[in-house]
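A.B. asks: Given two chains presented individually in distinct reference frames, assemble the corresponding complex, making use of the accompanying hints.
Chain by chain, the residues:
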Amino acid sequence: MKKIYFFDLDGTVTNEEILPKIAQRFNFKKKMIKLTRAAMAGDIPFEDSFRSRHKMLSKFNINEIKNVVSKVSLNKVIVKYINKNSYNSKIVTGNLDEWIYPLTKKIKCKFYTSKSDDNGKDLKYIMNKSDVVKKFKGYKRIFVGDGYNDVSAFRNCEIKIAYGGVHYPPDILMNICDYYVSDEKKLCQLLEQL
Amino acid sequence: MSTSRTVIINAAGIGSRLGMNIPKTLISIHGKPVIFWILNALKKEKNIKIVVGYRASEIIKFVSKLRNDIIFVNNKNFDKTGTSSSFLLACRNENSKEVISIDGDLIFNKNEIQKILRSKECCIGVTNPETDNAIFVKEKKKKSSIYYNGFTKIKTKFEWSGIFKINLNKLNISDKSFHVYEMLKKIKSDFKIYQINSMDFDTPQDFIKLKKKFKKIYY
Numbered sequence: 001m002k003k004i005y006f007f008d009l010d011g012t013v014t015n016e017e018i019l020p021k022i023a024q025r026f027n028f029k030k031k032m033i034k035l036t037r038a039a040m041a042g043d044i045p046f047e048d049s050f051r052s053r054h055k056m057l058s059k060f061n062i063n064e065i066k067n068v069v070s071k072v073s074l075n076k077v078i079v080k081y082i083n084k085n086s087y088n089s090k091i092v093t094g095n096l097d098e099w100i101y102p103l104t105k106k107i108k109c110k111f112y113t114s115k116s117d118d119n120g121k122d123l124k125y126i127m128n129k130s131d132v133v134k135k136f137k138g139y140k141r142i143f144v145g146d147g148y149n150d151v152s153a154f155r156n157c158e159i160k161i162a163y164g165g166v167h168y169p170p171d172i173l174m175n176i177c178d179y180y181v182s183d184e185k186k187l188c189q190l191l192e193q194l
Numbered sequence: 001m002s003t004s005r006t007v008i009i010n011a012a013g014i015g016s017r018l019g020m021n022i023p024k025t026l027i028s029i030h031g032k033p034v035i036f037w038i039l040n041a042l043k044k045e046k047n048i049k050i051v052v053g054y055r056a057s058e059i060i061k062f063v064s065k066l067r068n069d070i071i072f073v074n075n076k077n078f079d080k081t082g083t084s085s086s087f088l089l090a091c092r093n094e095n096s097k098e099v100i101s102i103d104g105d106l107i108f109n110k111n112e113i114q115k116i117l118r119s120k121e122c123c124i125g126v127t128n129p130e131t132d133n134a135i136f137v138k139e140k141k142k143k144s145s146i147y148y149n150g151f152t153k154i155k156t157k158f159e160w161s162g163i164f165k166i167n168l169n170k171l172n173i174s175d176k177s178f179h180v181y182e183m184l185k186k187i188k189s190d191f192k193i194y195q196i197n198s199m200d201f202d203t204p205q206d207f208i209k210l211k212k213k214f215k216k217i218y219y
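As you go down the protein sequences, you meet chains A and B in turn.
With this note's numbering, letter number 59 in the first sequence gets 59, and the count goes up by one each step, no holes.
With this note's numbering, letter number 70 in the second sequence gets 70, and the count goes up by one each step, no holes.
The shape of chain B in the complex, shown without the other chains (with noise of 0.2 Å):
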């Protein structure tokens, strides 16, 4: 029963640094939980496993009265590890060949994430810098198209979204990397960029920001 790819949406965590007691994904923004929003832009994906931790059963009950064909998976250890270990959790024992990783606080354009769903290369998403505290991507040429070449904290014309793709056989299942970046970086693959017009928010500054921005950004 292979598949060919699997969406991954990592929502275990607890947004401390927003500092609203519930999980990022179920907060409300243009009158919907950001979970709502992301779910529909993925309508089309038969293969989607959440990762929940931190107030589970909130989301769960919240996402299945949108669907029942998503398989939940439970990082029971939310509190101690980042978005790295919870994709890595819904990779373990998975078969498809590839698998994409959303971040559960993450707002993108629902048309762009298209290219990536179904891009046959490994690729990642970048945006134009917004967010406090952001990585970014540095770019090398390839061809026509455009390739990551490294991460950094210093100021590039690409933002890291925290979306990418990626061959399962490539990664290292028993990697303890906090964020998803940090065990990206460790890959020896090429990348292809896309640009995924997109937000998160880590912090309250960031959730006004992107509260102005969302229509411009989704649609």
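Only chain A is shown next, with the shape it has when bound in the complex (with noise of 0.2 Å):
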């Protein structure tokens, strides 16, 4: 069975949260953390939050919020990983197009975002992860995440691997997760290895 690498960005690819950053830029990152925090552990549903999140930041310039994700501290080991995997390497991210532009310069694999119009300004599509995993069914899906909206993922995917580089990841996730790890060289060892 041929193998396929799902990696979620926030936090799993990147050493840090894409949206606080943004909006630390903007002043306003206390209320930006406290939204994406409650996603992440999934105290209020994903598309509440990030319809939240969206309002807030799209009034803003989109080159100046793409000058800031371009600065985004990114997990080498993994990105190597990835780029070297390209083939079958994913980006799964719940994050909008426009805004992460910037890192599929540097991540070289195909990502699958939320989607907007008007340079990001008009949300068109906010990301399930199980479509995506769905669409690739035969496979051997392995999936790397470590927030609350990649439990639907999780359940699609044949290898679930909890990833706590960054943060620990919600209980619910623990529970259905194959693997836990949290150091990278080790996650690319499984990966490696499954």
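Please note: incorrect hints may appear among the correct ones.
[Claimed, not checked] Here are the simulated lysine-lysine pairs, DSBU-like style, with alpha carbons at most 30 Å apart: (1) B:K176 - A:K76; (2) B:K43 - A:K80; (3) B:K76 - A:K140; (4) A:K2 - B:K176; (5) B:K44 - A:K185; (6) A:K34 - B:K65.
[Unchecked claim] Each pair of labels, with its calculated beta carbon distance range: (7) A:K71 - B:K65: 41 to 51 Å; (8) A:Y139 - B:K65: 34 to 44 Å; (9) B:K43 - A:K76: 20 to 30 Å; (10) B:M20 - A:D117: 53 to 63 Å; (11) B:K115 - A:L194: 30 to 40 Å; (12) A:Q24 - B:N172: 51 to 61 Å; (13) B:I22 - A:V166: 49 to 59 Å; (14) B:G19 - A:N15: 37 to 47 Å.
[Stated by the list, open to error] Here are a few chain B residues that sit away from chain A, every Cβ distance over 10 Å (derived from the structure): (15) A56; (16) N109; (17) S144; (18) K209.
No lab work stands behind these hints: they were computed from the structure.
Values in this document were obtained by computation on a predicted structure and should not be read as measured data.
Ideal Cβ positions, reconstructed from N, Cα and C, are used throughout, including at glycine.
C.D. replies: Here it is as structure tokens:
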């Protein structure tokens, strides 16, 4: 069975959450962190949280947002692994296509994202991660994630890895995962073995 | 990315016979949880997997304070399966040539364990008879060494410690045994016997004994 790797973006491939980083630039980091953490823990539905966060950010200049995103710290080991396996690696993120565009230049694989029009101002589609992984039925699907919005994808994948490199995943993810790792080198070693 | 050996620590079980509402590997002995003493003896090991199940996050959070380069394997059927399933679950997808199995409720001599880790042959660890309801090991002599010659419930001079080392390719990953010794019985291979001062605890009586003997066993 052919292997296919799916990676969550924020807190898995990036060393920091992207939306709070953008919010910091526009001086409302605290409010954004609160919304991001609540969504990650599953305290509020991801869609509601993302709509609120989109509303907060969409009024700002897209080039300034992209400029912040281009400086987001990436996990070099994981990015190197993805770039080496770009043909069977996919990023699956709730984050918005326009905002994270600069990262697609550094992480060389296919991205599945929330979608927008009008330079990110018009929110067209909010990612449901299970929709993506379901398309790859028949593959050995391996998902690496760290937040509540990875649960639906986990349930549709053959192998689920909870990653705790940036923060500890919520209980539900820990209960349904097959493996837990918090070290990026061990993660890549495990991905190679599976 | 092939690695030479991986140590697998089986720590998924409930430990119901002991009657304490905490995974046995987290029970404190001599001021630290059992898993602390196990990992302390395995400091130089580069590849360690810990199989967790019952109250997994508590074990993970404690271990993560000690080192972060461990792969945790989640045995979701921990309440229905035994140590053999946990061990084989961790062996699935493994690519080390050799795997070493250690139970998460075992206190063993931190120097003597190195003999098993470094052994070039498949081997098992035995200890002096100590615990309640133990499994014993029969021996056979070969050249100047002693080798495993079967498990028994009738007392011999060697109590089975639960520690063994085996080549991955000798394992039947789909074996359904409950206990590790039941799984090992079916494997046709010579196992060299190493004496490792060690003791696990299944009952409150065992635990009282172990607390008294800890220093003598570990150091």
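A.B. asks: Hint by hint, note whether the structure agrees.
C.D. replies: Now for the hints, and whether the structure bears them out:
1. B:K176 - A:K76: violated (41 Å)
2. B:K43 - A:K80: Measuring from Cα to Cα gives roughly 28 Å; hence the hint holds.
3. B:K76 - A:K140: Measuring from Cα to Cα gives roughly 20 Å; hence the hint holds.
4. A:K2 - B:K176: Status holds; Cα separation ~27 Å.
5. B:K44 - A:K185: holds (17 Å)
6. A:K34 - B:K65: Holds, because 26 Å separates the two Cα atoms, which is no more than 30 Å.
7. A:K71 - B:K65: 41 to 51 Å: Since K71 of chain A and K65 of chain B have Cβ atoms about 31 Å apart, the given range 41 to 51 Å is violated.
8. A:Y139 - B:K65: 34 to 44 Å: Once the Cβ atoms are compared, 37 Å apart, the range 34 to 44 Å for K65 of chain B and Y139 of chain A holds.
9. B:K43 - A:K76: 20 to 30 Å: holds (27 Å)
10. B:M20 - A:D117: 53 to 63 Å: holds (59 Å)
11. B:K115 - A:L194: 30 to 40 Å: holds (32 Å)
12. A:Q24 - B:N172: 51 to 61 Å: holds (55 Å)
13. B:I22 - A:V166: 49 to 59 Å: violated (29 Å)
14. B:G19 - A:N15: 37 to 47 Å: Since the Cβ atoms of G19 of chain B and N15 of chain A sit about 44 Å apart, the hinted range of 37 to 47 Å holds.
15. A56: violated (6 Å)
16. N109: holds (28 Å)
17. S144: Correct as stated: the minimum Cβ-Cβ distance to chain A is 38 Å, above 10 Å.
18. K209: holds (34 Å)
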